[in-house]
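Assemble the complex: chain A is given as a structure, and chain B must be docked to it using the hints.
Okay, here's what each chain looks like letter by letter:
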Amino acid sequence: MSLTERLRFFHEAIAWKGEIPLQSRYTVGVAGERFLRELRDNARLIATHCPQCDYTYMPPRLYCERCFAELTEWVQVPPRGNIHAFTVMHLDLDEEPLAEPEIIAFVQLEGSDGGLIHRLKEVDPDEVYIGMPVGAVFREEREGSILDIAYFRAI
Amino acid sequence: MTEHITEYPGTPLKERDFTEGKVLYNWWVPKADYAWDAGVAIGKFLAGLKEGKILGITCPQCGRILVPPRMVCSDCFVPTDHWVEVRHTGTVRMFSITYVTWDMQRLEKPLIPAVIELDGITPGMGFMHLLDEVDRDDVHIGLRVEAVWRPAEERTAAITDILYFRPLKEETS
Chain A
1 MSLTERLRFF HEAIAWKGEI PLQSRYTVGV AGERFLRELR DNARLIATHC
51 PQCDYTYMPP RLYCERCFAE LTEWVQVPPR GNIHAFTVMH LDLDEEPLAE
101 PEIIAFVQLE GSDGGLIHRL KEVDPDEVYI GMPVGAVFRE EREGSILDIA
151 YFRAI
Chain B
1 MTEHITEYPG TPLKERDFTE GKVLYNWWVP KADYAWDAGV AIGKFLAGLK
51 EGKILGITCP QCGRILVPPR MVCSDCFVPT DHWVEVRHTG TVRMFSITYV
101 TWDMQRLEKP LIPAVIELDG ITPGMGFMHL LDEVDRDDVH IGLRVEAVWR
151 PAEERTAAIT DILYFRPLKE ETS
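Top line first, the protein sequences correspond to chains A and B. Note that our numbering numbers the first sequence so that position 81 is 81, with each residue one more than the last. Note that our numbering numbers the second sequence so that position 157 is 157, with each residue one more than the last.
Isolated chain A (complex conformation) (with noise of 0.2 angstroms):
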C-alpha cells in the first residue's frame, strides 16, 4: 500500500510563507552588568572569585558553581591570556561566504579560571594555534558591550 501520489517538482509544492515578528531585549544580570561597566568605563576584566573553592570565575558569576556561596569578592584579572580553542570561519550567520575568514577563539585569561570566547585577528588563521598567548586590543569609544574589546591578538 502505498500513497498514489506524490510531487514530482519542486515547484508543485505550496508553501505559506510569513514572518514571525520578535524582539529581543538581553541584559547581562547583575554581576554581567558590573562586568560591562567596568570595561566600559576603565577598560578593565574583573572576575568574582570563590575563596572556598578557591576557584575564579570569568566571565564573573554572582554564585559559586561548586559551593553554591554567594561570591562578593572582585578581582580584577589582565587582559591576556592563551588560546584554548579556536575555529576558523568562512560563513557569516546567514551562510554567505566572508570576504575574509574569521577566528573565533575560547582564551584562557591569565588570573582567572575561565575567559573569553572572541574574535582573533591580526594573525594568519594558519599561524593560530592551542596555547598561543594572546592579548585585549579595547576600542577607544565603549560603550558597554562585550564588543568593547575590538579582538584579542597575539603578543
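Among the hints, erroneous ones may be present.
[What the hints assert, rightly or not] Below 20 angstroms or equal to it, Euclidean Cα-Cα: the simulated EDC-like pairs (lysine to aspartate or glutamate) are:
{"hint": "1", "chain 1": "B", "residue 1": "Lys-31", "chain 2": "A", "residue 2": "Glu-141"}
{"hint": "2", "chain 1": "B", "residue 1": "Lys-22", "chain 2": "A", "residue 2": "Glu-141"}
{"hint": "3", "chain 1": "B", "residue 1": "Lys-31", "chain 2": "A", "residue 2": "Glu-96"}
[To be verified] To be clear about the criterion: a stretch of chain A counts as covered by chain B if any three or more of its residues have a C-beta under 8 angstroms from a C-beta of chain B, and this derived list gives those stretches:
{"hint": "4", "stretch": "5 to 11"}
{"hint": "5", "stretch": "17 to 31"}
Calculated from the structure, these hints are not laboratory results. Treat the numbers as computed from the prediction; the structure is a model and nothing was measured. Just so you know, even glycine gets a beta-carbon here, dropped at the ideal spot from N, CA and C.
Just chain B now, with coordinates in the frame of chain A:
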C-alpha cells in the same frame, strides 16, 4: 502559593531603567521568516482554489469525500485516490461571533468564523471560513451558505481566495 509572595527575589527592571540608560542591554530583532509546506493534498486543494475549484478526495474503501483533502483516510487508514470537484454551497455546522481580531484588536463589526460542510461531501467534514453579508443575529447552525470568490486575477492559491461565505439567496438544486 504564589499569591502569598508579595516581593519576588531578584532584580526587577522597569521600562524607564532602559529608556534612561540605567541598565546595559542588547537589542536584537531576529529574522524569523518561515515557509509552511502545505503538503501534497492541501497543496492541490489550494491550487484548485486559485482556479475557482473546491477539490475533495475520495477514499476507495469507505467512499467518503474528504474536504479539506487528506492523502490518507482518517477512518480507514488507506491512501485516498480519486479527486473530485465539490459544490460551492454548504451548511454552517459551527460558528462563533468575535469582536476581537487574532491579535486582540477590538472590532466594531464582528468576525463570524464558521465551519462549513459543503454539499455532497461526507457529513461531518468541513473547513473553517468566515461568514459575511449576514447579520450576526441571523446566523444559526444549519444556515445554507455559498462561497464568494476573490476575482480570478487576484487569487494566490490561499484559503482567502474564497473571500467569505454568505447566506444562499435561493435554493437552486
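Quiz item: Which hints, by number, does the structure contradict?
Solution: As far as the earlier hints go, only 1 is violated by this structure.
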